[in-house]
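Participant: Hey, can you work out the whole structure from these sequences and the hints?
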Amino acid sequence: MAPVKFEEDMKDKLEKRTLQPSAKSWNTLSQRLDNHEKKNTKLGFFWLTVAASIVGVLLVYTVFFSTKTNSNTNTILVEDNTEIDTLTIKAPKQILEAIKQDVVTKTEETEIKKQTNNKTLKKPQALNNVASNTIQTVKEKTKTVVTNIKIKEPILINNSSVKNEALVANIDNQTNSITTGKNKNSLVTDHEINVLLAKATQDIALQKTKSKTIPLDYNGLLIDVEDDLNESVRDKMLKVVKKGYESLRESVAERNE
Amino acid sequence: MKVIQLYKNETKLIKRAQKNNREAQHVLYELHAPKMLSVCRYYIKDLQHAEEAMLNGFFKVFTNIKNFKNEGSFEGWVRRIMVRESISFLRQQKNIEFATEDVDIKQDYSNNINTEIEVEHLQKLIDKLPEGYRMVFVMYAIEGYKHSEIAALLNINEGTSKSQLFKARKMLQQDIKTFNTSSYGTS
Chain B
0 MAPVKFEEDM KDKLEKRTLQ PSAKSWNTLS QRLDNHEKKN TKLGFFWLTV AASIVGVLLV
60 YTVFFSTKTN SNTNTILVED NTEIDTLTIK APKQILEAIK QDVVTKTEET EIKKQTNNKT
120 LKKPQALNNV ASNTIQTVKE KTKTVVTNIK IKEPILINNS SVKNEALVAN IDNQTNSITT
180 GKNKNSLVTD HEINVLLAKA TQDIALQKTK SKTIPLDYNG LLIDVEDDLN ESVRDKMLKV
240 VKKGYESLRE SVAERNE
Chain A
0 MKVIQLYKNE TKLIKRAQKN NREAQHVLYE LHAPKMLSVC RYYIKDLQHA EEAMLNGFFK
60 VFTNIKNFKN EGSFEGWVRR IMVRESISFL RQQKNIEFAT EDVDIKQDYS NNINTEIEVE
120 HLQKLIDKLP EGYRMVFVMY AIEGYKHSEI AALLNINEGT SKSQLFKARK MLQQDIKTFN
180 TSSYGTS
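Chains B and A supply the protein sequences, listed in that same order.
Just so you know, we're using numbering that gives the first Met the number 0 here: the first sequence kicks off at 0 and counts up by one.
Just so you know, we're using numbering that gives the first Met the number 0 here: the second sequence kicks off at 0 and counts up by one.
Careful, some of the hints might be misleading.
With a Cα cut of at most 20 Å, we get these calculated SDA-like pairs of lysine to any residue [stated by the list, open to error]:
id	chain 1	residue 1	chain 2	residue 2
1	A	Lys18	A	Lys44
2	A	Lys59	B	Asp33
3	B	Lys235	B	Leu247
4	A	Lys11	A	Asn66
5	A	Lys59	B	Thr40
6	A	Lys123	B	Lys37
7	B	Lys37	A	Thr177
8	A	Lys44	B	Leu18
9	B	Lys10	A	Glu117
10	B	Lys10	A	Glu142
11	A	Lys34	B	Gln19
12	A	Lys65	B	His35
13	A	Lys123	A	Gln173
In case anyone wonders, no lab produced these hints; they're calculated from the structure.
Quick caveat: nothing in here was measured; it's all calculated off a predicted structure.
Facilitator: Here's what the structure looks like:
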């Protein structure tokens, strides 16, 4: 649509026209602009605070997360420690109980021997039979104790270190010596008993300290277990791949035939 | 005016205004406000409302002046903002209605109209037009927008824009004729 003449005239006239705005107009505009700037700065500050808080939260989260993982590993270690401690504690307890029983039997034996000796001094032949009977019963008792210890031996081996074996062997030797002594009808003095007891207590104490001071590498154990698991998974995967490959090869061979 | 003399170079002024220099912004306002108020007055009948629209427009100009990259004329950029602001002002004031009657746009109209009328009278004649007619007429005949642009700005069809312009022209011709006859009659 072509522009019309009167429109062009109108345009020219209107284009030339200017209207002066009111005197206050600029003040109102500048005020509005100032307020806008203030708002912008406030908004900027607000967004800054928001950003800072987000960063803070992220930092706290990362720190918390890292500490959480650490605490988790610690708890696992603590659990392991407790288990191992209980194991290590259980083993000496068992030994202690066995030794206690052994010592009790020994003391009983010595008491019986003393009594028999006294009796032999007083009535040598009449009570010899009785004494021999009691010694036999004591022997049986000691045997049962020894067997008890021998039965407990595998458990101890499983739970504690190999050094327990030596202790048990030592105890066996001691009991054997006692029994052999009995067989020989030799007299055991209080001093010997005390020495034996002292030795036994020393051995127990040593064993205790050794069992406590045995350095256990929990992380190493865990890593070993994990490695074993990984290997097993790897092996399984390899087996599956091998099987698949073999079956594929067979099928291809059959097809070619 | 002394301040204007100090800042003759408009690009320097714009650069300063972009750095939120209030003095430079004031100078730019003083330079362009009279023309822009006139532009807003094309669309808005009331001068105070037109000034309000113009202030809104300048507020947008100065808050978005960083986006102006000296590629076109600053006056043209400001003017476009003023037109948009005037339209949105009218939209806020009331619902603008556009008559959607089918009109034969090719209908001829008289070209021999005495336009020896003062600007004030011309503005009055434009003010008499309904909102829709006025906006389309001013945008097309005075601002030089195309029908497609008008349609996009006013959210109407191009056909509606054309029909609005046709009706506005017809109405204006009639009004000018009556104005001329009455003025001749009086003189």
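Participant: Would you mind marking each hint as holding or not holding in the structure?
Facilitator: Do the hints match the structure? See the list:
About 35 Å separates the Cα atoms of lysine 18 of chain A and lysine 44 of chain A, which puts this hinted pair outside 20 Å; it is violated. Proposed proximity of lysine 59 of chain A and aspartate 33 of chain B is supported: the alpha carbons are some 13 Å apart, at most 20 Å. With a CA separation close to 18 Å, the supplied pair lysine 235 of chain B and leucine 247 of chain B stays within the 20 Å bound. A hinted pair counts as satisfied when its Cα atoms are at most 20 Å apart, and lysine 11 of chain A with asparagine 66 of chain A qualifies at roughly 15 Å.
Of the pairs offered as hints, the one joining lysine 59 of chain A and threonine 40 of chain B holds, with about 18 Å between alpha carbons and a cut-off of 20 Å not exceeded. Proximity of lysine 123 of chain A to lysine 37 of chain B is assessed by CA-CA distance (about 42 Å); at most 20 Å being required, the pair is judged violated. This hinted pair does not check out: lysine 37 of chain B and threonine 177 of chain A have alpha carbons roughly 55 Å apart, beyond 20 Å. Distance check on the hinted pair: lysine 44 of chain A and leucine 18 of chain B sit about 13 Å apart at the alpha-carbon level, within 20 Å; holds.
Using a Cα cut-off of 20 Å, the hinted pair lysine 10 of chain B and glutamate 117 of chain A holds, with the two alpha carbons roughly 12 Å apart. With a CA separation close to 8 Å, the supplied pair lysine 10 of chain B and glutamate 142 of chain A stays within the 20 Å bound. Distance check on the hinted pair: lysine 34 of chain A and glutamine 19 of chain B sit about 8 Å apart at the alpha-carbon level, within 20 Å; holds. A hinted pair counts as satisfied when its Cα atoms are at most 20 Å apart, and lysine 65 of chain A with histidine 35 of chain B qualifies at roughly 15 Å.
With a CA separation close to 14 Å, the supplied pair lysine 123 of chain A and glutamine 173 of chain A stays within the 20 Å bound.
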